[in-house]
Structures are given as structure tokens and as C-alpha cells.
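Colleague: Turn these sequences into a full structure, and let the hints guide you.
Top line first, the protein sequences correspond to chains W, A, G and U. Residue numbers for the first sequence follow this note's numbering, beginning at 489 and rising by one. Residue numbers for the second sequence follow this note's numbering, beginning at 489 and rising by one. Residue numbers for the third sequence follow this note's numbering, beginning at 489 and rising by one. Residue numbers for the fourth sequence follow this note's numbering, beginning at 489 and rising by one.
The hints are simulated quantities; they were obtained by calculation from the structure and are not laboratory data. Please note that the accuracy of each hint is not assured.
The list treats identical chains as one, so a pair stands whether inside a single copy or across any two.
In silico DSS-like links for lysine-lysine, alpha-carbon gap of 30 angstroms or less [said to hold, decoys possible]:
no.: 1; residue 1: K749; residue 2: K611
no.: 2; residue 1: K611; residue 2: K509
no.: 3; residue 1: K772; residue 2: K611
no.: 4; residue 1: K772; residue 2: K491
Protein chains: 4
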Amino acid sequence: MSKTIALIARHNTVGIENVLKELVSALFEQGHTLYFENDTAQHIQRDGVLAGIEALNVTQIGLNVDVAIVLGGDGTMLGIARQLASFDVPLIGINMGRLGFMTDISRDRMLPVVLEILAGNYKSERRSMLEGRVLRNDEAIFFGLAVNDVVVARGSGAGMVELRVDVEDHFMYNQRSDGLILATPTGSTAYSLSAGGPLMHPSLNGIVLVPIAPHALSNRPIVVPDACEILIEVVNGRDISINFDMQTFTSLMPRDRVSIKRSQHTVTFLHPVDWSFYDTLRHKLHWNEMPSSDKH
Amino acid sequence: MSKTIALIARHNTVGIENVLKELVSALFEQGHTLYFENDTAQHIQRDGVLAGIEALNVTQIGLNVDVAIVLGGDGTMLGIARQLASFDVPLIGINMGRLGFMTDISRDRMLPVVLEILAGNYKSERRSMLEGRVLRNDEAIFFGLAVNDVVVARGSGAGMVELRVDVEDHFMYNQRSDGLILATPTGSTAYSLSAGGPLMHPSLNGIVLVPIAPHALSNRPIVVPDACEILIEVVNGRDISINFDMQTFTSLMPRDRVSIKRSQHTVTFLHPVDWSFYDTLRHKLHWNEMPSSDKH
Amino acid sequence: MSKTIALIARHNTVGIENVLKELVSALFEQGHTLYFENDTAQHIQRDGVLAGIEALNVTQIGLNVDVAIVLGGDGTMLGIARQLASFDVPLIGINMGRLGFMTDISRDRMLPVVLEILAGNYKSERRSMLEGRVLRNDEAIFFGLAVNDVVVARGSGAGMVELRVDVEDHFMYNQRSDGLILATPTGSTAYSLSAGGPLMHPSLNGIVLVPIAPHALSNRPIVVPDACEILIEVVNGRDISINFDMQTFTSLMPRDRVSIKRSQHTVTFLHPVDWSFYDTLRHKLHWNEMPSSDKH
Amino acid sequence: MSKTIALIARHNTVGIENVLKELVSALFEQGHTLYFENDTAQHIQRDGVLAGIEALNVTQIGLNVDVAIVLGGDGTMLGIARQLASFDVPLIGINMGRLGFMTDISRDRMLPVVLEILAGNYKSERRSMLEGRVLRNDEAIFFGLAVNDVVVARGSGAGMVELRVDVEDHFMYNQRSDGLILATPTGSTAYSLSAGGPLMHPSLNGIVLVPIAPHALSNRPIVVPDACEILIEVVNGRDISINFDMQTFTSLMPRDRVSIKRSQHTVTFLHPVDWSFYDTLRHKLHWNEMPSSDKH
Chain W
489 MSKTIALIAR HNTVGIENVL KELVSALFEQ GHTLYFENDT AQHIQRDGVL
539 AGIEALNVTQ IGLNVDVAIV LGGDGTMLGI ARQLASFDVP LIGINMGRLG
589 FMTDISRDRM LPVVLEILAG NYKSERRSML EGRVLRNDEA IFFGLAVNDV
639 VVARGSGAGM VELRVDVEDH FMYNQRSDGL ILATPTGSTA YSLSAGGPLM
689 HPSLNGIVLV PIAPHALSNR PIVVPDACEI LIEVVNGRDI SINFDMQTFT
739 SLMPRDRVSI KRSQHTVTFL HPVDWSFYDT LRHKLHWNEM PSSDKH
Chain A
489 MSKTIALIAR HNTVGIENVL KELVSALFEQ GHTLYFENDT AQHIQRDGVL
539 AGIEALNVTQ IGLNVDVAIV LGGDGTMLGI ARQLASFDVP LIGINMGRLG
589 FMTDISRDRM LPVVLEILAG NYKSERRSML EGRVLRNDEA IFFGLAVNDV
639 VVARGSGAGM VELRVDVEDH FMYNQRSDGL ILATPTGSTA YSLSAGGPLM
689 HPSLNGIVLV PIAPHALSNR PIVVPDACEI LIEVVNGRDI SINFDMQTFT
739 SLMPRDRVSI KRSQHTVTFL HPVDWSFYDT LRHKLHWNEM PSSDKH
Chain G
489 MSKTIALIAR HNTVGIENVL KELVSALFEQ GHTLYFENDT AQHIQRDGVL
539 AGIEALNVTQ IGLNVDVAIV LGGDGTMLGI ARQLASFDVP LIGINMGRLG
589 FMTDISRDRM LPVVLEILAG NYKSERRSML EGRVLRNDEA IFFGLAVNDV
639 VVARGSGAGM VELRVDVEDH FMYNQRSDGL ILATPTGSTA YSLSAGGPLM
689 HPSLNGIVLV PIAPHALSNR PIVVPDACEI LIEVVNGRDI SINFDMQTFT
739 SLMPRDRVSI KRSQHTVTFL HPVDWSFYDT LRHKLHWNEM PSSDKH
Chain U
489 MSKTIALIAR HNTVGIENVL KELVSALFEQ GHTLYFENDT AQHIQRDGVL
539 AGIEALNVTQ IGLNVDVAIV LGGDGTMLGI ARQLASFDVP LIGINMGRLG
589 FMTDISRDRM LPVVLEILAG NYKSERRSML EGRVLRNDEA IFFGLAVNDV
639 VVARGSGAGM VELRVDVEDH FMYNQRSDGL ILATPTGSTA YSLSAGGPLM
689 HPSLNGIVLV PIAPHALSNR PIVVPDACEI LIEVVNGRDI SINFDMQTFT
739 SLMPRDRVSI KRSQHTVTFL HPVDWSFYDT LRHKLHWNEM PSSDKH
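Modeller: Structure (C-alpha cells):
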């Protein structure tokens, strides 16, 4: 049961070649077929066991591989996951430093865990994505996909933005703020959290809307079912933009509307069988750092 | 298609008899069969058109009526909804003052709206409930149902409580705080909101865990799927109790465990066809009170 | 005891001329000498009793008048207060619509209250201001004054900004966020409040630092004595700017430093004798809108 | 310049006798006169160099010693600081485990730092305290002192409490909540922080009022000058109590009023000369644990 595997690695990570060599040797030994993602291939030193591995672009990877292994941080994973979204290639994430929400396998445990997963012992997890369409005069002028979040926000030199929000054809509110974050459960641990949003388990069918510094104190984060279409209209404001995972951007003008809904695509992560979202949360949020002996 | 209808009204509401007479006359005219809930029957003046209506206890109501009409506030509705939980009697809520989250029909619109709903034109909505079991030495010593929330909290004269929380057999954290709220989407607009929890659309399959004044600043509200069993163990603390909707209580001791999960029962509300959760939110949270002309 | 009085009015306010005429007639009757601020003079229709009133620029006002009367909203007051800062001209604020934090006299009560204040019966209140100096390679390249707040923030198309903050030569932290607000007590009811800052009584000798959507959940608002110099260094980030009361802006680059401290200047408001900051808060924040009968 | 020094140590701390012996030997060598606080004397093993040291009660300590050295955590320090409040004895705090806000000297650095402080090289810092008087039918029935906070709160089995708050004879609001915290700057890092209050530098002349889980979302923390008298009246609620530093308690009934103001007493801490409040904050709140390389 040998597999075709793509390797994506964060550039400029000291020692990444050594980690790749270690991984590649083990994978070759198991009879797997390996490819580098183009960008990775161009930025790493490919000698020794890495020398003969061909490079594919993202579309080729999407069409041809069984699984992709990502070495880096959550940023690296976020980038490739967005690009591979329409191909449904399962992803394995190895962090090159600190534990990530999406890169959950430590370098120390890399070999045994990856081999175990490739042998079929894993916990598979589907993460929902958002897609957004910008409408100007009812014409779609921009389209984007997000693993974490879609953010409509003002520039630093502009005053508040006023947004009208409708959910599934029901008017929700006009809100004035620095902007609005729409986050998937995956994104609930990222920017949304900083802006006051709740944590959400990845399997939850919800989207959270988190206003950034809202004028009205009762404009609190709200979780809506992800089967809803959310419509955001720019009522007022200057220097407004929309971004998807902070990776693709476009400018918005008053009267532009943005339609956001769950994408038909998902991201699939393969975790070790003992993986738990709560373990990751506890570790990342330092939930156990304040021992019991402390007084309030 | 005449129906058997139970009437539940808040006691001590000035003028409630007049409202009931108006409603009863209209319902009799449509050929419906009416009963008072026992407690209501005992506390209101039953003259005129109200005189001949018999009273039933909650169990009789649960077994015999097609629908129950509740006149009062959200507190009145909460009380009867909990008691009727196992019978699946649909509920219609008429508020006797200000708009409620669950009593969404104003007295002004009462007659046409109620008749319209009874004629079959309504939006039906199922709300999930929680059930909790208190275990002492692995023996169940208390059982409760909640429409809004289950709360484990310390008394005012005691220090912090330390709780261990596991979700679906995964350890989440030990948290030290004044207590922990577990709220349904219905309860997300109540106590949970005051303690910093997110709003949640009623159709969402989630439970939110909201720590009350947690010692660790990263102990943020977290939404978990309502298919999960949540296990809370009292690790430390004095004068601790658990309550269900602030209506039933019991004391907890260190090493007691509480198992909380979605109840098999639900509450069904019948709303007018133009009802929207977002309208209610906007009204209750004064979302539109700050007009656009205001500066930040 | 006739006084020399400047009149500043918000442009484009329907009916402002009638209000001015009413006020001017009453002030002339008391023997006061009146001037329009230049900008006001150019934008209003000056017929009738307004015709003969001369216009002064802000410096002339600062040097020559005893008191300035401002008709408009908090935005109008903010603008002129900043410009008059170095002259210590007391300000009387009449709101042309809804009650403001700084324009606390309603149009209804205008005449009796203004005459009473000019007759010497008032509550005088000094508000502290902030001044900021932008240093590039240790050279001051920008200077600004703020009544409400100084804000260092990223643009909408850039990632987080990393700022190093030192207070009175003590390192406080490096924080990563959308930006940092430094607000006076006066500004504590404005942008700072939206971003999670506390309310502060105007007489408090404090400056509040409020991070905007901080990455670290423990980066909470902190109030420091306003005798401190606060030094902010841009460690990382793109498209960063600093603004003073959202009215003057400049761009910042990595390694720029901003030195912020209490200005030697203050703003003096003259209030009616029965004025209370808490009355204004209660009104503006709708503190009494939820009556006692509501359930949690 | 030998001094008379009291020693207060946390009971039941493993190894506390060894630490005391080390400290006592060094202090004797410098010619200081030492006393144990009574309670400490009774709970520790007094052999060796500890054997001959006499014990004093708190009043005797207050009247006779030049300085008190506290070994333990912030809880130990809080307890003795409250008791010594009226005597103005300066306090030196040595933490027996993790760094405390008030016990800022680590066991490792104990000897050189304590000797340095006793030699006159220190940073002295005065902390304000609160005093509260409970009035029933205008008669004072209880009096308390607080270093951290005064808390009026409901019991776990009761609904919301409604409190009326007046500041310096100005009505502020009626608030419904779980309770209200009034914290000194010292207390701003304790319970107040958990309930959403701001951090405050210890030298700030302010008291922060922090509602616990308030019903109205606009009932935000507010900092008022500590020269104010704050009057809290219990309007509604059951099972309400007031506590001072969670150490002394009494029950409150509807119509009881509590008058709270800055105490004439203060607590004086002696810190090493390089001590900084911001260093302690940064350490205790883990402000530097999220390195720059992390993505939002």
C-alpha cells in the first residue's frame, strides 16, 4: 500500500534539510513515492537523498498525491491548505518549533507518528472553510476562500466603518466598529480569539461573527449555523478592505456587498490517534500554568 | 380542527384576568377546548368567561393538550417549559410587558397572531435542553433538566472553586473560578451572556462553557458540540452548588462529579411566521439605539 | 461683568442659525461682546442679529476671549478644544441633538443655563490632555496633542504590529496586536471603551493603555499614572500609523519611537452646577434601560 | 543601626525552618533584634538558632518593630498586612515558591536583598487600602479593612442582586449582577482582574468598581478617584454578603447600605531598588511567552 506523497516545507527554517532527509529516507524505505511542492523545491538545498525527488506545482499535487506532509508552522499549513482546498488532499502537519493548532506533530515524534498515520492508524478530521464573493452593483468582482477567517476592516487612517449584516435573509444589525471577523471553528483560535470571540470545537457547524472594537457594547460575538448565507453591506466608511486568512485582499467601497457562506470544500487533517483538540488548546493557551496553590 | 389548549399565566400580573378573558373568548369562538394549569387557576380570579374552565396539573397537561399558551415573561415560560419537557407540548409565548426571548408575541398583537398560529400558520422551532446527573462515589444522587443553563458555582462566602472538565473522555482543563456555566443556545442570551459568553443561534448544535471570573485569563468561553458528554469534577472548594435554570439546586462536595449532556427532550416554540431570532436580539440588546451620526 | 465670548457652531446643522440668533440676542442683552470663529462665520447665514458679529481665527480667540461657547456634538467640541488647548479658554458645550459627554447642555435648557454659567454659577472642570512626539533616529519628526486618545495601529492590509512599551524607563512588554490606544480619562468613554478599556472619572490622574485585539489574552488594559512618560517603539509591522483624536495622523516605520506624556495644557469645561459625570454616563450607556422586573 | 524585626512565615511550608534559620543567622550577625509573630512561633519547629527568639502578638509587633519580614505567598502577606494596617510597619516579602505581587523577593536572592534593604537601600512603596462600614437603619453594624478588595455578592443559590451605587453623593446606577468588586490598585491584579477589571499601577489614586456578570452589558468597570466615598445600597436579592479581602465576611439584607472609602491607613512595602511593578506583571501574566514568530 505505497502512497504518493507531497512534501511542503517552510523556507528559511534552519536545519529543515536535515529533517527532510530523515523523513524522506524513512518514507522511501516504506516504498512511498515522493514529490516536492515547487516552491519548497526551489528554496531548499537538494542534495543526498533529496536530490532525485521531482517537484510538482499545487494543481499537480492536488490531482496526483494521496497525502501531503507539511513541515513548518500553522502559517505554512494555512497557506497550502487554502491552495489545495478544492482537491481534498489530506494533510499531515509537523511543527518545526512550537506546537501548532494545525501542525500538531512534534519533530521529536515525527518518524513513528507519520509512519503510523501512513499505515492507516490516524484520526481524520474535516475542517469547514468559508467562501466569500464581493458584489459591486450586483456583479461579483472578487472571490476568496478562507480556512480561518474572512475579515472586513477599516484602514488605520479612517474612522469607524458601518456594516449592515443580514443572515439568511434576516436583517441582523447595522454595526459600527473597526471591522467584522467571520471565523470558522478553525479560525476561532486565531484572530477571532484576540478580538473577544469564543473558542469553538472544530467539528461544530457554526460560524462566529466577531465585531472588532464595536461602538455598541452589546454587539457581542454571535455564532450562527454554517448553513447560513451571511450578507455584509458596507454602509459607510473609507479605506475598507476584505481579507481571506490575511492572505488575499481586496478593497471595498460603500454599497459593496459581501456574501459569505460555508465552502463546499473542506480541509482534512490526519492526526495521530491519540490527538485531542483539548490537549492542543490546553498547551497553546497555557491552561495549566497557574497551579492550585495560587490565591486569586 | 379544534384543539385542546392549556393556559398558563404569570400570577400577580395586574390586569391578567382581562387579557385572559379576551383570549379565552376568542378561543372559545373558534371551538377550542381550554384548560387552566392548576397553579394559574388558583391564583387568578375566575369569573365571567373564565368561570367554567377546568384546571389540570402539569402531567395532565402534558398528556392531554395539543398546545400550551403562556402569558407572562421569559421566567414564566422557562418554568413551564422545564416541567413540560418530557411531553413535547408546543408552546406559544405572549409577553405581558416587554418583549421576551421566549415570549415573543406582544399583547397588542395577541389575538390575530395566536389565531393565525392555531390555524396552522407558524414557524416551529425546537430548542435543545441539557440534562445533568450528579455522581457521588459513582452513584447518581441528583438529576436535573435545563432549558437555559446548568451552573456549578461557589457560595459568596467561599474562595475559588477548582473544577476539572472532561469532554467526551478528553481532559480539557482544571479551572479555578467562581464557577462554570454550561448553556444551551437558548441560554446564551441569559446568564452566559453576562459572564462573557457568545450569543448563539437557537438552531446551533452546541453547548457553551463559560467560566465565571476565571483565575486564568486564557480560560475563555468555548463552544463544544452538543453530542458530547461533559464531565465536571469538583476538585476543590467549599459551599459549592449546582443549579438548573436557577430553579432546582443541590449542593456539591469535593470529588463529586457532574455528567452533563443534551437531553433527549426538546422544547418546541410556535412563532408567528415573520418571527426572526435576529429581530428579537436587535430589540433586546438595543442594537439600533446608537444612530449613525454619533462619533466613536 | 460683561465678557468677551467666542461662538463656534457645527456646520450643516439644520436650524443652527435660529439657535444662534436666540443665543446671541440673549447674550447681547446681557452686554457681552461676541465673536464668531472664522470657520463658523464662513459657513452660516449671517443675517439679522448675527450680521454685525465679527470673526476671529483660533489664535485670536485664544488670545482675546474669556469663554467659548460651542454648539454641536462632541466631535465639534473635540476639534476646537484641541486647537484652543494652549490658550486655556474655558468651554461651554451645547449639544444640537443628543446629549454628549462634552456637550452637556441641551438646546432646551440653553438660555437659562448659559446665562447662569456666565453669571458665575458653574462647575469648572479641568481635563488632562496627552502630547506625543514621534522620534526617528532620535530626532523628533512629528508632534501631536490629544484630548481623547493617541492610537498606534496597523493598516487593514497588514498583519499584526509588534510594539515595545516602556513606562517611566521601565520595560513593560512587547505586545502584538492590531494596535495600542492611550486614552485620557476623557477618552475612556470613546474608542478605548469599544476596545475593552475601563471607564475613568475625568478627575483621575491616569492614562489607560488598551491593546486592540492583542495576541496574548493576558495583555489587558492597564491604567498608569499620568505623570509617567510612555515610550512606544515599533518593533515590527507594516502600514502603521499614529493618530491623535483621529484628527491628525502620521505614518510610522519600524524602529520609530513615540514618547507620550500628559500635556502641560488642559481643557476647561464649564458645566451647570448640577452637572454630574455619572448622570451623563448613565444616560449615554443606557444604564437604566433594563428594569428590575427582568429575569437574568 | 540595628533594627527590631518581626518574622512572619506561612505554616506548613516544607522546609520553612531551614529558610528561617538561614535568614535568622544572617540577621543576628548584623546585630538585629528578632521576634516571631505568635502564630508563626506556634506552628514551626524552633530548634537551633530559632530556639531563643521570642514571640509577639500582632499588636506588640505593630507597636515595637521597625520592619516585618514575611515568608510565604501573597496570601500570607495579605493576612498580616491587613492586621498591621494601623501601625504602619514596613513589610518585606519573600516568596517561598513562585513570584508574588506582594512577595517579590525570591528565596534565591533572599539574603543579599534583605540585607541590602535593611542597610537602607530600597524602594519604598505605599499602597492604599479601603475601609467599609455596613449601615443598617443608619447604624453602623460592621466595619472592615481591605488591601485588595471589598466584594458585595450573592450566594450561589440566589438570583441576581440589585445594588444602587452612589459616588460622592452622585447617583451612579442601579446594577443587577452577581455582585460588585471594589478594588484598590493592589487588588487590581487579583479577583478584579478575573472579573474583567483593568490593571492599575499601585501609585494610582483610584478605586475600580467591577460588576461581576452584570445583566446590562454596558455596566463596565469604572475607575473613580479614591478620595470619593462610595455608597452601595442593597436594593434586592437574597443570601448576600460582603467580604474584605475574602478574609472577613458579614451578611447583608435589603436596604443595608455600605459606605466605602480609602482608609487613612496604608501598607508600606520595601522592595529591592531594581524592583519594577511592570517586571512583576510581565512575569505573572506571562506577557513574554508568545514569541514574535507566532502567527496571529
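Colleague: None of the hints should be skipped; say for each whether it holds.
Modeller: Each hint, compared with the structure:
no., hint, result
1, K749 - K611, "both (27 angstroms within a copy, 24 angstroms between copies)"
2, K611 - K509, "within (26 angstroms within a copy, 56 angstroms between copies)"
3, K772 - K611, "within (20 angstroms within a copy, 37 angstroms between copies)"
4, K772 - K491, "neither (32 angstroms within a copy, 49 angstroms between copies)"
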